[in-house]
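Using the sequences plus the hints, can you model the full thing?
In this note's numbering, the protein residues as written are 10 to 504.
Be careful, since some hints might not be right.
To be verified - Here are the simulated lysine-lysine pairs, DSS-like style, with alpha carbons at most 30 Å apart:
| id | residue 1 | residue 2 |
| --- | --- | --- |
| 1 | Lys410 | Lys464 |
| 2 | Lys84 | Lys222 |
| 3 | Lys139 | Lys278 |
| 4 | Lys278 | Lys72 |
| 5 | Lys72 | Lys84 |
| 6 | Lys72 | Lys435 |
| 7 | Lys222 | Lys410 |
| 8 | Lys464 | Lys247 |
| 9 | Lys464 | Lys435 |
| 10 | Lys180 | Lys247 |
| 11 | Lys222 | Lys247 |
| 12 | Lys324 | Lys278 |
| 13 | Lys278 | Lys182 |
| 14 | Lys410 | Lys400 |
| 15 | Lys180 | Lys435 |
| 16 | Lys182 | Lys435 |
| 17 | Lys247 | Lys182 |
| 18 | Lys72 | Lys464 |
| 19 | Lys278 | Lys247 |
| 20 | Lys291 | Lys400 |
| 21 | Lys324 | Lys400 |
| 22 | Lys410 | Lys247 |
| 23 | Lys180 | Lys72 |
| 24 | Lys278 | Lys410 |
| 25 | Lys410 | Lys291 |
It should be emphasised that the hints constitute simulated quantities derived from the structure, not laboratory data.
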Amino acid sequence: MAATLQLQCISPLYHSSSSISSLFPIPNLSLLFLSSFFLVLLALPSTIAFSEGTHLLHSEILKDEAVARLIELGKVSDAEEFLARTFQSPASVRAGNLIRLWMEDAGLQTWVDQMGNVHGRYEGLNPSEKALLIGSHLDTVIDAGMFDGALGIITALSALKVLNVRGMLGKLKRPVEVIAFSDEEGVRFQSTFLGSAAIAGVLPVSTLHVHDKSGVTVQGALRENSIEITEENLLQLKYDPESVWGYVEVHIEQGPVLETVGLPLGLVKGIAGQTRLRVTVKGSQGHAGTVPMAMRQDPMAAAAELIVLLESLCKQPEDYLSYDGQCTASTVQSLAGSLVCTVGEISTWPSASNVIPGQVTFTVDIRAMDDLGREAIIYELSNRMYRICDKRSVLCLIERKHDANAVACDPGLSSQLKSATYAALKRISGEDLDDVPILMSGAGHDAMAMSRLTKVAMLFVRCRGGVSHSPAEHVSDDDVWAAGTAVLAFLETLT
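Written out as structure tokens, the structure reads:
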């Protein structure tokens, strides 16, 4: 049905759409940059206060200890030269054990489930009440930074430890559970959100039989660490939606907006939808010196043209798409603001300098806040790719490997997190701040999977230069403190 609506709404005609005007004039931000993230500054009331006597305690646990733990966790790696922790690798297991110790230090009951997720829970005054879940992921990409994923886990545990030390943990009116998800990045098995999707009940049982490059399956990787899981067990991991109140995730922004506006924290309004494609182009393999240029069926040259097409289409979608009476110009305009496309991997066969390749394969990552528009881009891209390959007399195969719809954060839960964020910023700065940035996320997060289970809210934390998935990824000590203080303020509303 979605694809049918997409074809009715957007057709491959050419037109010039009207430009998107920025809502708020912020220096040094381009028009496109603003429309990509929909930054809005909101005035907020102060509803949560901290006594001066707790300031030192907060600093010691939420800042000093939290940063030390992030550094310690950042050293837990499967490689000596760089940080790498993939699903159920030795380093991933060591990291999980370390996190479990920190959960116990915060006063939580802990366990590891059959997908390798590490849980820490405190039942509170009313164990029968719906639980608040707080989480992020313990796995990393290859050559990673130490804050992606880990920051959300550590800030949650630090905030709960403060409550425990102050004797307030037992005053929580509902259960609170921190989950360190075993896999979000999808590096080892090319399947994202293994941990959170299992909890949300949306992970296909067939995933257990997907294998990595060494031929080890997901089920086999778990078995190597003495975790037995069957298809029936996987289905039983799903949480009952009636037992969950909501899900909150703290994460580094992985972008430059917060640094640009000079604030450490920002609320997330929604997460962009994502599609991953694998494109295979097959031509005629031959000798590099003996086949005339006019007689070649070169898949490399065809792939190059396809990649340039992708870049052009995603930079200026309004030049390739139009709309009819069934939708407004906002669909095309929203694409112009949020659409990003990437070719991240490319391989050739036989990959020799003196051989015309017989086959070229590359990946395409497409993200946008508008699901209808994203489908339109895929439809138009595919049609144009097939036409180019036909013209060049090569074969083209386009496979959809991953799809995730855009996710809107819950207004009510976000409002509570927003108030806590405002209070935290005010407490740390000593000033009566009157704004908190509202951002859109172009990156996928565990909150996407968890939104299939319950309402979600997210808090972004400033990172230097907007750099992530890199050893250069960095969050200042003070911003770690601010994030932990915001989580603490949010938890205090539950006491």
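Here is how each hint holds up against the structure:
1. Lys410 <-> Lys464: 26 Å, holds
2. Lys84 <-> Lys222: Given pair lysine 84, lysine 222 holds - Cα atoms ~25 Å apart, limit 30 Å.
3. Lys139 <-> Lys278: 24 Å, holds
4. Lys278 <-> Lys72: Between lysine 278 and lysine 72 the Cα gap is close to 26 Å, so the pair holds against 30 Å.
5. Lys72 <-> Lys84: Holds: lysine 72 and lysine 84 sit about 19 Å apart, inside 30 Å.
6. Lys72 <-> Lys435: 16 Å, holds
7. Lys222 <-> Lys410: The hint holds at about 16 Å.
8. Lys464 <-> Lys247: The given pair, whose Cα atoms are some 15 Å apart, holds under the 30 Å limit.
9. Lys464 <-> Lys435: Distance of about 27 Å is within 30 Å: holds.
10. Lys180 <-> Lys247: 28 Å, holds
11. Lys222 <-> Lys247: 28 Å, holds
12. Lys324 <-> Lys278: Holds, at roughly 23 Å.
13. Lys278 <-> Lys182: 27 Å, holds
14. Lys410 <-> Lys400: Cα-Cα ~26 Å, so holds.
15. Lys180 <-> Lys435: 25 Å, holds
16. Lys182 <-> Lys435: 25 Å, holds
17. Lys247 <-> Lys182: 24 Å, holds
18. Lys72 <-> Lys464: Holds, at about 29 Å.
19. Lys278 <-> Lys247: Holds. Lysine 278 to lysine 247 sits at ~26 Å (cutoff 30 Å).
20. Lys291 <-> Lys400: Satisfied, since the Cα-Cα distance of roughly 13 Å is no more than 30 Å.
21. Lys324 <-> Lys400: 24 Å, holds
22. Lys410 <-> Lys247: Cα-Cα ~24 Å, so holds.
23. Lys180 <-> Lys72: 24 Å, holds
24. Lys278 <-> Lys410: Roughly 26 Å between the alpha carbons, so the hint for lysine 278 and lysine 410 holds.
25. Lys410 <-> Lys291: 19 Å, holds
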